[in-house]
Amino acid sequence: MLERSAEQERAKLAGLTGTEYDAQWRRWREASETAQAAITAHAAAAGVNRYELEQAVKKAVRHTDEDPAE
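Residues 2 to 71 in our numbering are what the sequence shown lists, from first letter to last.
Calculated directly from the structure, the hints in this document are not laboratory data.
In this text, all values refer to a predicted model and were calculated from it rather than measured experimentally.
Glycine residues also receive a C-beta, built at the ideal position from the N, C-alpha and C atoms.
Any given hint could turn out to be false.
Pair ranges (Cβ atoms, derived) [what the hints assert, rightly or not]:
#	residue 1	residue 2	range
1	30	61	17 to 23 Å
2	18	57	33 to 39 Å
3	46	16	35 to 41 Å
4	47	14	29 to 35 Å
5	48	17	39 to 45 Å
6	47	19	40 to 46 Å
7	39	12	15 to 21 Å
8	14	57	33 to 39 Å
9	48	20	42 to 48 Å
10	64	37	18 to 24 Å
11	43	22	30 to 36 Å
12	20	46	24 to 30 Å
List of simulated lysine to aspartate or glutamate pairs, EDC-like, C-alpha gap at most 20 Å [to be verified]:
#	residue 1	residue 2
13	59	34
14	60	21
15	60	10
16	59	10
Kindly produce the complete structure, drawing on both the sequences and the hints.
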């Protein structure tokens, strides 16, 4: 869910400029940092490769039928 939230915030950047873009970029970055921290913590707790876990999460989120901009 955290990665999905970050993707939704990223999708909202489309078409923005100036201060609106800057504000949305900050929201995207905060959501992305939260997702990254959760991935890192889960990988450490589960004893799995962090990079592989991140790639699996991103693949699962980005290859759904849902449009993150909706």
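To see whether the hints hold, each was checked on the structure:
no.: 1; hint: 30 with 61: 17 to 23 Å; in the structure: holds, 21 Å
no.: 2; hint: 18 with 57: 33 to 39 Å; in the structure: holds, 34 Å
no.: 3; hint: 46 with 16: 35 to 41 Å; in the structure: holds, 39 Å
no.: 4; hint: 47 with 14: 29 to 35 Å; in the structure: holds, 32 Å
no.: 5; hint: 48 with 17: 39 to 45 Å; in the structure: holds, 40 Å
no.: 6; hint: 47 with 19: 40 to 46 Å; in the structure: holds, 42 Å
no.: 7; hint: 39 with 12: 15 to 21 Å; in the structure: holds, 20 Å
no.: 8; hint: 14 with 57: 33 to 39 Å; in the structure: violated, 24 Å
no.: 9; hint: 48 with 20: 42 to 48 Å; in the structure: holds, 44 Å
no.: 10; hint: 64 with 37: 18 to 24 Å; in the structure: holds, 19 Å
no.: 11; hint: 43 with 22: 30 to 36 Å; in the structure: holds, 31 Å
no.: 12; hint: 20 with 46: 24 to 30 Å; in the structure: violated, 39 Å
no.: 13; hint: 59 with 34; in the structure: holds, 14 Å
no.: 14; hint: 60 with 21; in the structure: violated, 29 Å
no.: 15; hint: 60 with 10; in the structure: holds, 17 Å
no.: 16; hint: 59 with 10; in the structure: holds, 14 Å
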